[in-house]
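Chemist: For this one, chain A is given, so just place chains B and C on it according to the hints.
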Amino acid sequence: MIRLSTTALAILGLIAGFVLLVLYGPLLVAIFFSFFKFENNAVQWDSFSFDAYRSLIHDEGIIDAVLNTLLVGGVAVCLALVLGTALAFYYNSSRSRLREVLQLLIFLPFLMPPIITGLSLLVFFRETDIPRSLVTVVIGHTVFVLALAYRIILARLQTLRSSLVEASLDLGASRWQTFRYVLAPSLMSALGASAILAFALSFDETLITLLVTGTKSTLPMRLWAMMRMGFTPDINALVTIILAGSTGLSLLAIRFVGVTSRR
Amino acid sequence: MDEAPKTLIELRQVAKSYSGVEVLHDVDLMLRDGEFMTVLGPSGSGKTTILRIIGGLVRPTSGAVLLDGTDISAMPINRRPFNTVFQDYALFPHMTVEANVGYGLKVRGEQKARIRERVIETLRLVALEEYAARYPSQLSGGQQQRVALARALICEPRLILLDEPLGALDAELRRQMQRFLKRLQKEIRTTFLFVTHDQEEAVTIADRICVMNNGQIEQIGSPEEVYYRPANEYVARFFGDNNLIDIAIGSLGNGYREVTSKLGTFRCAIGNRPGLAEVTAGRPGKLLVRPEAIAIGSAGDGAQNRLRVRVEDMSFVGPVSQVLARPLAEPERALMIKLASRASGIPLAVGDEAEVGFSAEECHVVTT
Amino acid sequence: MTAVRVAARGEDERHVGYRLVITLLAYALPVVFILLPLILFLIQSFYYVDHGDIVRELTLRNYERFFTGRAFLPVFIKTCWLCLGVAAITVLFGYPVAYLLASLEGRRKYVMMVIFVIPLMMSYIIKIYAIRAILGGNGFLNRILLFFGIIDQPLTFLIFNLQAVLLTLSVILLPFAMLPIFIALERIPRSLIDASFDLGASSFQTFRDVIWPLSLQGTIVGATFTFVLALGDFITPQMVGGTSGFTFGRIIYSQFGFAFNWPFGAALSVILLAVVLVAIVGTGLLARTRHQL
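Residue numbers (this note's numbering), protein chains in the order written: chain A, 1 to 263; chain B, 1 to 368; chain C, 1 to 293.
Some clues are possibly wrong.
[Unchecked claim] Just a few of them, taken from the derived set where beta-carbon distance is under 7 Å, the chain A residues facing chain B:
#, residue
1, Thr6
2, Ala167
3, Leu171
4, Val182
[Stated by the list, open to error] Residues of chain B clear of chain A, computed beta-carbon distances all greater than 10 Å:
#, residue
5, Ala4
6, Leu91
7, Gly167
8, Asp170
9, Gln176
10, Ala231
11, Ser359
12, Glu362
13, Thr367
None of these hints come from the bench; they were simulated from the model.
Keep in mind the model is a prediction, meaning the values are calculated, not measured.
Where is the CB? At the ideal position from N, CA and C, for every residue including glycine.
With the rest of the complex left out, here is chain A:
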C-alpha cells in the first residue's frame, strides 16, 4: 500500500474528482431526465414526476426486450459456469501441452475485438445455415463470457490444496461426495463472482449481439433501433432502474466475495 504526502493526495484527488465528474456526467444526465422534462430547448424545472417510470411499465416493446435480455443473460451465464467449471477442472488435471492451446481458444473471444467475434460467428451461422435467433445470441454471449468464468474459477481451483481432496478420499468419500462436500463449497465464491460479472457483461453486450441477432431483440438491440427514431422518455427511467439494480448487485457481490475469501 502506498503512502501519500498531502500535496500528492490533493493533486491526485483533484484528478480523480475530475475523472469522476466526467464518468458520471452521462449517468447523471440520464437519471436527471428520467425525472425532468426537456421541452422547447430548455429544461422544465418544475416538471419533476415519475411519469417516465409509469410509462415504462406500459411500454411493451421495452419490457419484452428486457425480458429477452434477462433470458439470454441467464442462459448464457449458466452455460458459461458449467462449461467454465468443467474446463477449469480439465485444465487443472491435464498434463498435456495441448491444454495451453485449449486455454488460448477459450480466451480468444474475450481478447479479440467483439466485432471480430461477432462477425466470425455470423459467418459461421451463415455457412452452416443456422438461423439467427435468440439461440445464436445465447451462443455468442456464452462464448464471450466463458473466458471470464473460466479464468475466475481456474484461479480459485489452483489455490485449493490437493491435500483436501486426498483427505476427503482418505476418509472414505467417493469422488462425487468429494466434489459435492469439499470442492463445490470452496468454489462457491468463484462461481458467485463469475455469475455476477458474466451477467453484467451479457446484459449490456451490444456489439456481438448486433451481429448475430435474429428478429427477437434484446435491450441493446431495441435501443439501437430507437436511436434512429429517437428515444422515448421512459428509456431514461429504464437506465436509472438498471443502474440502481446493478449498483446494488455489485455491492452485494463485494460483500459476498469479501466474506467467503476470509477462509
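Modeler: Just chains B and C, lined up with the frame of chain A:
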C-alpha cells in the same frame, strides 16, 4: 500376554519411480498390529512415499501391499480401512470442527444423531469438545492438529498414518503431543505409522523405528536396538553422537573378538552382532563406542578396553557434559565422551592427560 | 499442485478411456464455436463477391483492394492513431486514479473502486447518447460554459467528428484502463516501499524507481486492453462521428450491412485482427522482459 506379533500390513518388494527417478527400491516391511512404528529418514529418503503407498494415495511401480495377508494394491483410497493425518492437517476450511470430524461418518451414511454423539466422544478424547462449533481458521496450530487426529480416529481405522504431523509445532507443544500420542495409542491400541525426520522424536514415541535412506530401509528395530545395535554406519550416525574407529579383525577370544586399530587393540563382545560377523567375513567396518559408554579415570577401572587421551575441550550442556579428547596414539582423531554433569564440576582440566576405558559389552561393530 | 489429480500417478486402464471421453467433450465447445468460426471467417476473406453473390473461389483481391484502394488504408491508419490516442488518454487519467485508490485503506478502497466501476453498468448506447447530449451545440457543456460566460458562442468542434469519437471512447473505456493498473499497484508488496524509504529515498524517488517500474506491466495491459476495445468499436463513430469521424470499424460493419460484401469485410477484419494480435503479443513480450513480481 506375549503372543506372537500379528502382521497387519506387509510391503513386499515395493518400488516406486517418478519419471525414471527411483524413490523406493524394493522395500520389504512388516507392520505389526497394534504397534507404534516410526519411519525415520531425511527428506528424499522415501519415507513419505511409503506412507502414501500404504494409504493408497500413490500406486507403487512394482511390488505388493498386503493387508492381513490379502493384496490390496488395487484398492482405491476411499476403500482402505486406514486414515491419514496430513502434514498440513487438510482440515476443510468451510466446515466447522464438528463437521470436519464427522465427515468420515457422514459419507458413510451414518445418522445425524449418531454422528453427533461419536463426534463429541472423539473430541473429548483429544480434549477439544468445547471447540465443536469453531472453524479451523479460528484454532491454533496445535488445536488444528488434534482436530485432524480426531477426524482420523473417529472412523476407527485399522491403521492411522501420520505424515510429519508435529513439524509445525513449537518444541514444547511438540513434546506434549508426542506424549499424548503415545498414551493415546496405548489406550486405543490402533496401529500407528508415524513419519518424521527428527530422530529424537522417533526414539521418544516409537515401539519400533524404521530407518530409511535413499529409498531403502536401513534397519528396523526398537529404539534401543537401533541405538545400541545399529546395522551399519548410516544408522549409527543417525542417532546421537558416536565414536567410530576403523578396525581390522583380529583373533577370537572367549566370548569376544579382538580388533586392531590405530588407537590400539580392543575387545568387542560377540553376541547379537551381525555387523561383527559381516566384518569378520571381510567387509570393511568400524568400531562403535557411544560417548556415554566411556568412563574417565578411576571410573574406568575394570574395563577391558583402555587408552590414554589428552583433554582438549569441555562443555557443559545441561544434564550432560561433553569432553572432547585426543587419543595420544592418534592425535588427529577426536574422541567424544559424555559424562553426567555434577554441580561440583568434572575433575578434569583442559590439557590434562587421562586414561579412559570402556567395556567389551559396550562395543559394537558396524559395516561401513 | 493440482486439486483433482490424486490417483493419476500410476494410470488405471479404466481411467484412460474415461479421460479420453472427457478430453473430447472439453475440446468440443471451444473448437466448434470458436476455432471453427474463425477458420471459416478466414477462408471467407479469400472469397469474392460477384454481382451480389458470394463466389467461393480463393483469391487475394480483397487484400489487394485494401492496400491499393485510396479509401481504406488511410482510414485504417487514422483509426489506429485514434485508438492509440484513446489508450494514451485513458492511461493518463486512469493511472492517477488507480494510484489514489491503491493508497486507500480497507473498506474505503473497495467502496471507491465500486464507485469508479459503476459507470460501466450504464447501458452502452444510452451512455453514448448522453455524451452526445452533453457535447452537442445545444448540449450541457456548452450551456454551462455560456452560462458562466467562459465563451460567447457554443463550441461546435466537440461533436460529430473524430475528436468527439476520441473523447467519447476515452470516457467509456477509462475504467477498463484503470482496473489493470489498480491490480498491478495492489500487487506491490508493502515491504518493498518501506525498504525504499528505509534506505533514504524520497517519495518521488520511490515512485520513480520502485513503484512505476513494477506497475508498468499493468499499465501496458490497461493500454492494450483499451486499444483493442476501441479499435473494434463501430457504434461510437456512428453515433458521434458524423461524416468526418469515419473509422475502420464502421467500414467493416457496412460491409456486412449496406455494402453487402462479406468476403471483403472478412478480409478487413483479418487485417484488424492482425494488428490486434501484434499489439497483444508485442506488449506481452515487452511486459515479460520486465522483472516479474
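Chemist: Should the label of Leu91/B as a non-interface residue stand, given a Cβ cut-off of 10 Å to chain A?
Modeler: Nearest chain A Cβ is 8 Å from Leu91/B, so the label is violated.
Chemist: Can the hint on Thr6/A be confirmed by a CB-to-CB distance to chain B that is less than 7 Å?
Modeler: Given a least distance of 38 Å, the restraint on Thr6/A is violated.
Chemist: Say whether it holds or is violated: Ser359/B keeps its Cβ farther than 10 Å from all Cβ of chain A.
Modeler: With a cut-off of 10 Å, Ser359/B remains clear of chain A, as the shortest Cβ separation is near 50 Å.
Chemist: Run the C-beta distances from Thr367/B to all of chain A and say if the shortest one exceeds 10 Å.
Modeler: holds, 39 Å
Chemist: With a cut-off of 7 Å on the beta carbons, see whether Ala167/A makes it to chain B.
Modeler: holds, 4 Å
Chemist: Minimum C-beta separation from Ala4/B to chain A exceeding 10 Å: can you confirm that?
Modeler: holds, 31 Å
Chemist: Holds or violated: is the Cβ of Val182/A closer than 7 Å to a Cβ in chain B?
Modeler: Hint holds; Val182/A Cβ to chain B Cβ min 6 Å, cut 7 Å.
Chemist: When you look at the beta carbon of Gln176/B, is every beta carbon of chain A farther off than 10 Å?
Modeler: holds, 24 Å
Chemist: Since Ala231/B was said not to touch the interface, does its Cβ keep a gap of more than 10 Å from each Cβ of chain A?
Modeler: Its Cβ never comes within 10 Å of chain A, the nearest being 33 Å, so this holds.
Chemist: Taking the shortest Cβ-to-Cβ distance between Glu362/B and chain A, state whether it exceeds 10 Å.
Modeler: The assertion about Glu362/B holds, with a minimum of 45 Å to chain A.
Chemist: Would you assess whether Gly167/B, listed as outside the interface, keeps its beta-carbon beyond 10 Å of every beta-carbon in chain A?
Modeler: Consistent with the label, Gly167/B stays out of reach of chain A, its closest Cβ about 14 Å off (over 10 Å).
Chemist: In terms of Cβ atoms, is chain A entirely out of 10 Å range of Asp170/B?
Modeler: At about 22 Å from chain A, Asp170/B clears the 10 Å cut-off, so the statement holds.
The structure fails hints 1 and 6 (numbered hints given earlier, in ascending order).
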